[in-house]
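**Q** In the order they appear, the protein sequences are chains U and H.
Position 53 (the first sequence) corresponds to 53 in this note's numbering; numbering is contiguous.
Position 113 (the second sequence) corresponds to 113 in this note's numbering; numbering is contiguous.
Hint data in this document are derived by calculation from the structure and do not stem from the laboratory.
A hint or two may mislead.
Each pair of labels, with its calculated beta carbon distance range [claimed, not checked]:
id	chain 1	residue 1	chain 2	residue 2	range
1	H	E537	U	A125	48 to 54 Å
2	H	R505	U	K72	44 to 50 Å
3	H	F739	U	V187	28 to 34 Å
4	H	P628	U	V187	42 to 48 Å
5	U	R55	H	R505	32 to 38 Å
Virtual Cβ for every residue (Gly too), placed ideally from N, Cα, C.
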Amino acid sequence: MCLTAFAGSVGCRLFAPDPVASDVAFPVLPGQSTGVFTTERPTVAAAVNDFFGRRPIEEQPFEFPHNIHVGKQIMCTVCHEGVESGPVAGLPSVSTCMICHAAIATDRERIQRLTALSEQGIDLAWKRVYGYVKEAHVKFNHAPHIRAEVECATCHGNIGEQEIAQRNVDLNMGFCVNCHNANSAPVDCLTCHF
Amino acid sequence: MDRRSFIKLTAITGTSATLASCGNPENELIRFIPAEDIVPGVAVWKPGVCSLCSAGCGLTVRVMDADADVVRDGQAGVVRIAAAKKLEGAPDHPVNHGGLCARGQAAIQVTYHPDRITQPLRRSGERGDGRYEAVSWEDALVEIVSRLDALEGAGNQRALACVMRGGRSHRSALVQQFLARFGAPAPIAYELFGDDVLRRANGLSFGREQLPTFDLAQAMYVLSFGADFLGTWNSPVAQHVGYGLMRQGRPGIRGAFAQVESRMSQTGANADEWVPIRPGTDGVLALGVAHVLMASERYPAAAAGPAGALIEGWSAGLVDYSPPEVERITGVAADRVERLARQFGDTRPAVAMVGGPPLAQTNGLFTALAVNALNALVGAPGQPGGVFFTQQLDVAAAAQVASPEQAAAATIERLAAEGLSGGASPDVMFVDGANPVFTTPPAWRVRELFEQVPYIVSFGSFLDETSILADLILPDHSSLESWAEALPESGVMAAVASVALPVMRPLHETRATPDVLLEIGRRLQRPLELPWQTFDELLGASFTNLPSTSDFGAFFDAQETGFWSGTLPDSLAVAAARVAAPGPVAFAAPEFDGDAAQYPFHFLPYPSNAFLDGSLAHLPWLQEMPDPLTSGMWSSWVEINPSTAKQLGIGEGDVVEVASAHGTLRTGAVLSPGIAPDIVAMPAGQGHRSFTRYASGRGENPVDLLAPVTDAATGAPAWAATRVRISRVGPPDGRLILFAGGSREHLEEHR
């Protein structure tokens, strides 16, 4: 507790606003947001979990079955299209789903929910399953790995067999460095941390 | 626990615990389907145009995917957009050559400002109390059209007035067309630190009523009278590039540079020689230099041509301006005058420039004419290393519409004087980009005029001192969200027209002001029949007629690079000014407002490096940028010579009261050896009553002290002609904020 108080008092000193005349007020106008500050983590528990490297299973907004789609021989890159054009694979928007599901399996309850969302213009707020914590300062770029023909499954495990995507490969530094060493890829710090 | 873990744990628990109670809006927001195709993680650089000052620098804008908070159909959510993330100078742009000043870097904060006006607003409270209600664009347009139709119905079209920023652009051309076709007077351009005096002088001396361009890259000697050309004056980035080449761009050659001014500016701090001078006497020094040059017979008086003929006694060798006489008037020692003259005359090419405080005096026009004559004497105009005038695009000619009648536009001062004395007063007022309530001397009573105008429409993006008086606010897009354009007046040899497509979609329910004006023009009872549906049609019509060797035409190419540059045919260029010359002018002692016994100090407000006249004080990056000379930030201060301060018992940081015959303010004192003992200086820009959370109530506005003195020829405010007294009020109270402790530490270290 005293730690928190200490941090709070330091914070107050650092961010104390400069003297502003009290008779002046800037009005908040219709349409303006009142805050510009969002928390880094939603709860204290999330922060503590992060600290100890525990990653609870994320609840996805929609129960997307990877196994069905991969089973139908659909390439990963059909939906994660950014992987071939940029550093980030990207999580598809509802519009991507509707490319096929405007016509396919429209009688299923899940697909009808999807169609309804699409009609309302609401997207799915996917939770990232694989990703680095900010404190790691890792800048991962898919492109060189695609060029080196690393299989998706090397880092993303058996995701193609999973119902709802779950992380089952721990992408820690040891994992990356082992693979880089085995393939004579550079292991200089600045390769990943910059 | 090691130190690293301790810090990590402290940071995590500290922030989380403190903020947990604030809720977690981000995680609860719904996500909308993006409206555009975005490749995540890939940056695209697009051309842009900086809109913060009239220099018209070209930008290159880094655009990348980002999450934006938006409201759709009344529902708050998050959407992935392609967002502008970083501004840099465009490498190939002929004005800034890849450079961008700190103000331009901060321009990105305009778009993402938390206090930006996001939708049309209608006043719901008393005028000036800042209470507004949301209104739809449709209702807002219906309201404004009915107001204008009512003026038309009453045959009172001249009661529509428009106040905007100065400078030539397609936007101002459109506003002129709108007003002329409606039957209203020409728009009133107002800028506190405008250069109208210099423009007028250049019109008289050289037939070009515009700001000059200096070929610094090839100059060998620069004599600058008060021009802060590396800080805020004219085209600072272009001048920075030229200055760099002058000093270091030629192997083995380093151009010399002397700055004449009474308060050391950022530019003066770069000079080889700094020449302090009495306020308002710069023209006398220029003529003293000319006198010495003519006496040496290397430079015959006739060489100056018409520019020399404007100065009384020129052809007779300026007998009244001998070095001892110059010393008596200016305070610059006679032998120093001779030495400056020798350097100026012997070093080829040499150029003189004038701007800022010397022209903000009652004799400003004389000073500008004197420096112009000096330039003409040594052959600087049109010569490498000298002074040039950039061709200006005539937008009306390029867009093939009739140019509106060139009746002399009113000044805001005259508008207020007439309106408040029972004369003609506007019924409807448009305000676009100007904040005259903040930047005019209080004795002009501009605020009172605005309070009396029945209907004010502001196109501003922020609630500043002027737009808070508006009845209707129709917020403009930011310059990154709309077509951006500029017609640089100076800073480049060839004519330049910059244009850039929107680099990102609008974040809010805003609309581009030129498009709004075109829409209003179509909806009026008697439509204005402007020949364009949208602003980009006007840009296209104008750019298509520019000379181009490309198969695709000038407009297409300009969109690719961000600018067109070349030589304009005479039919598209603004013709040389035909200004009736007054008789030859002689030095008249500058007049200062305030009795010298009661108000012993000259008061010198100056454009802040961060905020210019205050129009940028809402950008937090600029608030936290230390002033290059005093290191002041987030605050106001007054600069006092240490010897004066000692006499008055004022220490660094002490609260002092500065009073003129027109107002009083209290602020922190900064002791600065780079200022004459009888002058106190203060940066403009702070002291906003209403201008977002970052600027409101912070510091003091030096304009509040200014006397309503103007230059007689142009009506431009003589903002350096006020006298003040100064007294200590108390010890430092934290209102003055200096970066890293400031100069007191420095003084103590060197005691």
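**Q** Hints first: check each against the structure and report whether it holds.
**A** Going down the list of hints, with the structure as the test:
Evaluation of the 48 to 54 Å hint for H/E537 and U/A125 yields a failure: the beta carbon distance comes to about 40 Å. At roughly 35 Å, the beta carbons of H/R505 and U/K72 sit outside the given window of 44 to 50 Å. Range check, H/F739 to U/V187: about 41 Å between beta-carbon atoms, so the 28 to 34 Å window is missed. Taking 42 to 48 Å as the suggested C-beta distance range, the pair H/P628 and U/V187 conforms, at roughly 44 Å.
The hinted window of 32 to 38 Å between U/R55 and H/R505 holds, with their beta carbons roughly 35 Å apart.
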